[in-house]
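Novice: Heads up: the protein sequence lines correspond to chains A and B, in order.
Here the first sequence is numbered in our numbering, starting from -7 and rising by one per residue.
Here the second sequence is numbered in our numbering, starting from 245 and rising by one per residue.
Some hints could be false.
As the list claims (entries may be wrong) - Taking lysine to aspartate or glutamate pairs in the EDC-like style, the calculated list, with each CA pair at most 16 Å apart, reads:
{"#": "1", "chain 1": "B", "residue 1": "Lys261", "chain 2": "A", "residue 2": "Glu15"}
{"#": "2", "chain 1": "A", "residue 1": "Lys127", "chain 2": "A", "residue 2": "Asp99"}
{"#": "3", "chain 1": "B", "residue 1": "Lys250", "chain 2": "B", "residue 2": "Asp310"}
{"#": "4", "chain 1": "B", "residue 1": "Lys249", "chain 2": "B", "residue 2": "Asp310"}
{"#": "5", "chain 1": "A", "residue 1": "Lys227", "chain 2": "A", "residue 2": "Glu214"}
{"#": "6", "chain 1": "A", "residue 1": "Lys141", "chain 2": "B", "residue 2": "Asp331"}
Simulated from the structure, these hints should not be mistaken for lab results.
Because the structure is a prediction, the values reported are computed rather than measured.
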Amino acid sequence: MGKLFVDLHVLSDISTESSSIPEIINMASMLGFNYIGLSGFNRHNIDMIGDLKKMFNEYGIDMVSRVDLYPQSVDDLKKDLRFYRGKVEVISVFCNNIHVARFAARDSRVDILNFSFLSWKSNFFDVSEAKLAAKSNSVLEINIVDILKCSNAGERIKTLRIMSENVRLALKYGVPVIVSSGARNVFEMRDPRAMASIVTLFGVSEFDALQFVSSNPLNLIERNRKKLSGEMVCKGVRLLGRVDKDGKIEEK
Amino acid sequence: MVKLKKNRYMVFRVIRKSGRLISFSDVLNAIFSSFISLFGEVGSSKISFSLMKYCPELGIGILRCDHLSVIKVRAALALIRRIAGDDVIFSVVKISGTFKKAEKILNNLSKQLITGV
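The following block holds chain B by itself, in its conformation from the complex:
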């Protein structure tokens, strides 16, 4: 049977100005408030979305949404300016169709950020 909605896993990076740690809940709240200000409560409820993984030390994580709302999620993430008083850029590094692949990309990214290569 053909799936009507397919999951997409976004590997993202939060580029922070001060380098201060941003918690999981701060990131989640920022994403939700951006959704609400852009699409309203009804529009946001139609976007299936969840923050699956987030590493506060490196500011990287994975979030899941369906393939139809990838652009909306990306737009909402792009319009986030501040989290917990710190200027940030939400940058989507890669979008994958499986969580396994997304985790692999996340691991490579974390290695890159730790070693600085």
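The following block holds chain A by itself, in its conformation from the complex:
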């Protein structure tokens, strides 16, 4: 069986003015993705997840529900995490300030860390952040759309520089990296091998780059699905079966 490819960050029209679900399904199958992380869920449309999953499954694509959080303070983040953690498969946090960044890296309920690549001042992924993220199994996400949307060469050079430094730090301290499109429009999506080839510009080997679009996001999805199914009791403890009243073991 060939590699399974994942684009864990695609925005749809369920909450913002983006591409429609059929457009996303069509483009994802054309580009060869097996999993699509659909973003844009909020408190009002979270009950649509089941129907959307069925829709994607009809075309042989596995949909992963994802929430993007843009908290201004740690309290906001805590409130959102309490609400969403049991409901969606992947939670991503955009770290706007240092307090949020540190808390998100420390909290194991946060799956994905996102940072601004526009300037060094607003990018909080440093050594301490990387160490915290590695401990709590958080993942660093690189969105290809951040490179595509650069309006001039100067901006693109800066973005590539910050991204490559973040990826270097993440690899040094054992933080898994995932590469997603971050597309608001289907024409911002790229095929998985193209996304991997863009990452090789940061000095990453081709093998590692392919892992960023296949095995790293897949591990994250599998881990979270196990957690949500109740199979994982806590870190390192997995439920294999239950003992009934007669003392027999019911295997899961």
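Dock chain B against the given chain A, drawing on the hints supplied.
Specialist: Structure of chain B alone, referenced to chain A:
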């Protein structure tokens, strides 16, 4: 004698938003400007590359490069957003070691696109 540089033939597809025809020269210019913005003039000159075939109606074609610069070419193609004012995605369908095989893949792809199967 062992060849130091081997040719690779990339079968690509240009997915267009409006479906408007994009000419050979527009595609070539877009690729060159992406190379220059990503690798600069000196870096681009080290990449041996040529656009061998392009069908504007279907938006598919073959381009040749050496095996050492496949990833660079792929990255440059991925960063092309617009050609002649139209949003596009440059998608590499298959990479082959011979032109004959690449042509075969291109023919199959064109049949697929025409029949829609």
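Novice: Output the numbers, in ascending order, of every earlier hint that fails for this structure.
Specialist: none
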